[in-house]
Amino acid sequence: QKEVEQNSGPLSVPEGAIASLNCTYSDRGSQSFFWYRQYSGKSPELIMSIYSNGDKEDGRFTAQLNKASQYVSLLIRDSQPSDSATYLCAVLTKASYDKVIFGPGTSLSVIP
Amino acid sequence: KAGVTQTPRYLIKTRGQQVTLSCSPISGHRSVSWYQQTPGQGLQFLFEYFSETQRNKGNFPGRFSGRQFSNSRSEMNVSTLELGDSALYLCASSFDRARGNSYEQYFGPGTRLTVT
Numbered sequence: 001q002k003e004v005e006q007n008s009g010p011l012s013v014p015e016g017a018i019a020s021l022n023c024t025y026s027d028r029g030s031q032s033f034f035w036y037r038q039y040s041g042k043s044p045e046l047i048m049s050i051y052s053n054g055d056k057e058d059g060r061f062t063a064q065l066n067k068a069s070q071y072v073s074l075l076i077r078d079s080q081p082s083d084s085a086t087y088l089c090a091v092l093t094k095a096s097y098d099k100v101i102f103g104p105g106t107s108l109s110v111i112p
Numbered sequence: 001k002a003g004v005t006q007t008p009r010y011l012i013k014t015r016g017q018q019v020t021l022s023c024s025p026i027s028g029h030r031s032v033s034w035y036q037q038t039p040g041q042g043l044q045f046l047f048e049y050f051s052e053t054q055r056n057k058g059n060f061p062g063r064f065s066g067r068q069f070s071n072s073r074s075e076m077n078v079s080t081l082e083l084g085d086s087a088l089y090l091c092a093s094s095f096d097r098a099r100g101n102s103y104e105q106y107f108g109p110g111t112r113l114t115v116t
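Protein chains in written order, with the working numbering: chain U, 1 to 112; chain G, 1 to 116.
Mixed in with the good hints there might be a few duds.
[Stated by the list, open to error] Lysine-lysine pairs mimicking BS3-like chemistry, simulated, CA-CA at most 27 Å apart:
1. K13/G - K57/G
2. K13/G - K2/U
3. K56/U - K13/G
4. K56/U - K67/U
5. K2/U - K56/U
6. K42/U - K56/U
7. K67/U - K2/U
8. K42/U - K67/U
9. K94/U - K13/G
10. K94/U - K2/U
11. K57/G - K2/U
12. K94/U - K67/U
These are calculated hints, taken from the structure and not from any lab test.
Keep in mind that this is a model prediction, so the values were computed, not measured.
Let's have the full structure, built from the sequences with the hints guiding it.
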């Protein structure tokens, strides 16, 4: 089992819709979770970090964490074409001696 | 505040050569991590330095090494380059390394290494 998995994508949503990106992780002791956005040819950019169960909102972005289910998600409301990018889930894992492990990413395409 | 800088941005090397990449973290950040990104393997952790000490390393061969200086700037070196080392090498900095707590990393623009 991979340490961090994401829905494979690509994910296509119409402009204005809600995009839902999912991530699961294997290390139950993980405490810190991050979402990064990476545009083609650019480096990853931190969007959200979440540490407690529940929802965390920042503008059009909402991160959701459920440690019991080992699941973290990112919702993008009112999706815009500029949101088209690869979204990377990252987890600070105890099992790997406090390394930040990145998932493979989900490619999102917002169709005008 | 200036972001993370990496030099050079692009490199072309031939097999068997060695290469040194440089990273300057955000001012005040003491932790620097290096990652290799390829289309097939995604973002793979190479190593992390904090206060001039290697705190963690990934599953890469000994040809990959790094160091950190007293001003938190870091370098990574790859010796005896192989074709498979062609990748985007990313450096990320964070303020501090509090185990079990937040670890927000900010990435530099990367160095695109091509090995021919």
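Going through the hints against the structure:
1. K13/G - K57/G: It holds: about 25 Å lies between the C-alpha atoms, which stays within 27 Å.
2. K13/G - K2/U: violated, 33 Å
3. K56/U - K13/G: violated, 45 Å
4. K56/U - K67/U: holds, 14 Å
5. K2/U - K56/U: The hint holds at about 26 Å.
6. K42/U - K56/U: Holds: K42/U and K56/U sit about 26 Å apart, inside 27 Å.
7. K67/U - K2/U: It holds: about 17 Å lies between the C-alpha atoms, which stays within 27 Å.
8. K42/U - K67/U: violated, 31 Å
9. K94/U - K13/G: Distance ~37 Å between K94/U and K13/G Cα, so the pair is violated.
10. K94/U - K2/U: holds, 15 Å
11. K57/G - K2/U: holds, 18 Å
12. K94/U - K67/U: Between K94/U and K67/U the Cα gap is close to 14 Å, so the pair holds against 27 Å.
Consistency note: the structure conflicts with the earlier hints numbered 2, 3, 8, 9.
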